[in-house]
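Novice: Read off the chains here:
2 protein chains.
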Amino acid sequence: MEVTRKNFKDCLSAVYSAIDEADFLAIDGEFSGISDGPNVSALTNGMDTPEERYAKLKKHSMDFLLFQFGLCTFKYDTEASKYIIKCFNFYIFPKPFNRASPDIKFICQSSSIDFLVSQGFDFNKVFRHGIPYLNQEEEARVREQAEERRNQQANGAATPSYISPSSKGPAHVPEEHKDFISRVIEKVDGLFTNSEKTVELEPCTGFQRKLIYQTLNWKYPKGLHVETIETEKKERYIQISKVDDAERKRREQQKLEKEQEELNDAVGFSRVIHAISKSGKLVVGHNMLLDVMHTIHQFYCPLPQDLKDFKEVSMCVFPRLLDTKLMSSTQPFKDLIPITSLAELEKRLKVAPFKSPKVETAEGFPRYDTAQEQLHEAGYDAYITGLCFISMANYLGSFLTPPKAHISPRSKLMEPFFNKLFLMRIIDIPYLNMTGPDLRPKRDHVLYVTFPKEWKTSDLYQLFSAFGNIQVSWIDDTSAFVSLSQTDQVQIAMNTSRYAESYRIQTYAEYMKGRRQDKDVNSQP
Amino acid sequence: MEVTRKNFKDCLSAVYSAIDEADFLAIDGEFSGISDGPNVSALTNGMDTPEERYAKLKKHSMDFLLFQFGLCTFKYDTEASKYIIKCFNFYIFPKPFNRASPDIKFICQSSSIDFLVSQGFDFNKVFRHGIPYLNQEEEARVREQAEERRNQQANGAATPSYISPSSKGPAHVPEEHKDFISRVIEKVDGLFTNSEKTVELEPCTGFQRKLIYQTLNWKYPKGLHVETIETEKKERYIQISKVDDAERKRREQQKLEKEQEELNDAVGFSRVIHAISKSGKLVVGHNMLLDVMHTIHQFYCPLPQDLKDFKEVSMCVFPRLLDTKLMSSTQPFKDLIPITSLAELEKRLKVAPFKSPKVETAEGFPRYDTAQEQLHEAGYDAYITGLCFISMANYLGSFLTPPKAHISPRSKLMEPFFNKLFLMRIIDIPYLNMTGPDLRPKRDHVLYVTFPKEWKTSDLYQLFSAFGNIQVSWIDDTSAFVSLSQTDQVQIAMNTSRYAESYRIQTYAEYMKGRRQDKDVNSQP
Ligand SMILES: Nc1nc2c(ncn2[C@@H]2O[C@H](COP(=O)(O)OP(=O)(O)O)[C@@H](O)[C@H]2O)c(=O)[nH]1
Ligand SMILES: Nc1nc2c(ncn2[C@@H]2O[C@H](COP(=O)(O)OP(=O)(O)O)[C@@H](O)[C@H]2O)c(=O)[nH]1
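One line per chain: the protein sequences are A and B, in this order. For the first sequence, position 448 (counting from the first letter as 1) is numbered 940 according to the working numbering, and the numbering increases by one without interruption. For the second sequence, position 356 (counting from the first letter as 1) is numbered 848 according to the working numbering, and the numbering increases by one without interruption.
No wet-lab data here; the hints were simulated from the structure. Hints are supplied without guarantee of correctness; some may be wrong.
Since the list can't tell identical chains apart, any single copy or any two copies may satisfy a pair.
What the hints assert, rightly or not - Computed list of lysine-lysine pairs in DSSO-like fashion (alpha-carbon distance at most 30 angstroms, straight line): (1) K770 with K711; (2) K945 with K770; (3) K726 with K702; (4) K711 with K750; (5) K689 with K1011; (6) K726 with K948; (7) K896 with K702; (8) K1011 with K912; (9) K574 with K896; (10) K1011 with K551; (11) K1011 with K847; (12) K725 with K617.
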């Protein structure tokens, strides 16, 4: 189901109940770019530590916009032995909800934009009808501001539409506006002598409106309702109405309710994430680290500095995660699944020894057809991610005695895969462990090599040709990590390099020590 | 005429001839945002110096994308006493043209995007069919790279599709790819024994393709044409063909020509700017400083540090500029035109003492209707900017004896308005003088005041109430410039402030001296 600003409020209860009844949820996000840095490969070095990788992604990826969010809920129907699914494809855009709300800036990466439009992505829909959102801090601030305004009004310090700057005395009206203001006063005085109830002023500047509010508030503290109205063309003009006390109260109450509703509208899509979070349900994604980071960053709070704190926040927002890319590259799947990109995985899991899961789209929800790929629409990607998860889960059931055709997402068999997020292109740390410390592989067979920028991979192969198989992880064009196949070769390499002029070798341990020292120096005040 | 990537090449000669025959050109740009900074008003202080303003715009506005460029050419038909006009509305997008080309990142400001979509702007068209471009440096680099590749080929150092990394000896094939490569060699050997001319390999990774190129180049230095082909789904596979010498040469020639054409395509929209520039024609815009800055930044070169250098570059690219916002706020127009926004100006210039100019859309060009506003489409905005210019120019003719109904853009009467770009919201410097030093108004009636952030404009009015009329230019929430109406009040204000605790006053001169010193300190190594 496609959800935009236009039908969001009407869909919200359907979203809530879909989450409530689900056995698990699958999610996916689309972003306006991936990496703000020089190039993606430099940012994802094969020898990153989890801390380094997190810091790089935080620094170089969070200024992009998550503008489409796919949510697919899966509910198991025991009698029919199949899953009932509901897919939502949310368009998201931070339309400023009033003049005081933050004017979000986001980066677009032309390759990402180009890729998405080539897949038929509709940017007009995002920009025109995207659902707005606020993170928790923004929401709190906006609610507080509204509260304050209400209190001021209750104390009679101001009319609802006006907050006094220094509420004593008449407004200071600069010379050049005096004529204008007297004309306004004349018109308002007219209101009290004729039978009209309302007068509408000409559109004017913000400063003039301020003067009008100040003047009228001081001259007619009660008995007038003053309101700024915006035309379709975004011109603002002031409407002044003569009202009795009851009428004024009614109008103010109306205004208050409208304000409350606007506030909820402004929180917008964040309410869906709050619901997912509160449900505590298993959330499945494919290669989902960036999805989790963006979701928290955009709808909860700025990402914490430290990886440890990020894990804590994530576990609050999504208490149980499962990454199908990590699952499919772990045994017993690893040997059966050569390529783990979502599209390939989905194809592979349709054939033996795997089985396509039995699913049925819930009534009233549009049906996705996996034969007709709609890859890179977030709702579709979430959908097939869920299918992949079911196929793999059920496959594990075939090892039981007796074999079981359906394995619940709550089964003990799933536990090894919970809360481990796939780490792309790190050679020896397959995942980020969200509930504890990460793996710390010994990297004592790894060398840090620096060399002239003319060097190619082949030069490195040549340099280490005596040591058999090596693995090169480029850092930039004058340095790389080289993994030797045996640790005892490290000392030999170090010895031979001692007098080399064109290149330099350090052990991984030395290199990391140097980096830590650099950091300490840099972080001193 | 709407111009996208799809019809750009077909339109180019029409664009060139429209420029060639024109008496003057009008331009306008649409951007993905205006200001990257905290807020626009803080960035456009009423007391900025031209240098400061330029530095702020350069720092906070150039990361946005100019994604629509309007060009309207005006040719005067003396016999019919009317202008013949041709309007072009170019959609622009930096689609990466190959894998080596820069992957541009740009910022979007949600308020700007929201505003444009609310005006019906079509972002899908921009992103899907926008015309690419290269600045001069990028163009030079890309052409050099192509040249180099050609030279290498001429020297026989490499087949056209392959540049050797260290061209001696066979490629080093890592253990895990040996099987794969032997299978490729088998297939190619097959080519020489059977009647097939071509074999297509399965899609494989970039690294595997590299190994294939290296291996084949070494094993079969002649007699094979190896080419990487990209499928519609962006998968790359290798095609290997058995060719004789003549055939290989023909293919290489073909490839070269294709490459040249692709290069021109990549330069794309920049060619239009080059043509405008070369024509030396008068270029008219409305409030055009940002348009000029973006155009140079995007299609010529990164903007220079110094304002002086910027003026020089601008005058190379656009030797004659005229800003209708500046013109309309200069006498004799100033007193006749209360609001100088483009839409208001256009309306005002339709009525006496002004006259709507007689124009006719050239055959084959779509007609804009000023009764049906299409404001904020760049082509339309350029069009009405041109109309405004003509009306104002012709009005000047009414002062001649005998009066003249048509004033040429080359008339002496225009000279006072040439090469002066409107400076928004600077109180005492109306324009940037592109051909020399700027006005340096004495600011000896101006005070720099700092105060607690609780202060409002009214507190400043109160503080200076003894001095009559003042003018406040906010800098941030704890400082502002205050212009007194008389210079001799400055000393009195300074004296009274000496013992004040809550606020501090400096003269403008003191303030500027302090800033210069700060700068000198900061710019020391
Ligand atoms: N000097 C040199 N640098 C290289 C070479 N290959 C890669 N690099 C550098 O290492 C970075 C990472 O490259 P790589 O891991 O191959 O990823 P890729 O950019 O996705 O192909 C590149 O951006 C280059 O700066 C090479 O052959 N020679
Ligand atoms: N302390 C204080 N700061 C203000 C006030 N009005 C404006 N400012 C500051 O000055 C900046 C410029 O404001 P202004 O020139 O009024 O432009 P505006 O933001 O377009 O209304 C604002 O962003 C605020 O930081 C005020 O009444 N009190």
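Novice: Each hint: holds or not?
Specialist: Results of checking the hints against the structure:
1. K770 with K711: neither (51 angstroms within a copy, 63 angstroms between copies)
2. K945 with K770: neither (52 angstroms within a copy, 40 angstroms between copies)
3. K726 with K702: within (17 angstroms within a copy, 57 angstroms between copies)
4. K711 with K750: within (28 angstroms within a copy, 77 angstroms between copies)
5. K689 with K1011: neither (70 angstroms within a copy, 59 angstroms between copies)
6. K726 with K948: Classified as between; 26 angstroms across copies, 59 angstroms inside a copy.
7. K896 with K702: neither (72 angstroms within a copy, 46 angstroms between copies)
8. K1011 with K912: Only inside one copy: K1011 and K912 sit 28 angstroms apart there, 50 angstroms across copies, limit 30 angstroms.
9. K574 with K896: Intra 14 angstroms, inter 85 angstroms, cutoff 30 angstroms: intra-copy only.
10. K1011 with K551: both (16 angstroms within a copy, 29 angstroms between copies)
11. K1011 with K847: Cα proximity of K1011 and K847: none, with 51 angstroms in one copy and 69 angstroms across.
12. K725 with K617: Intra 21 angstroms, inter 24 angstroms, cutoff 30 angstroms: intra and inter.
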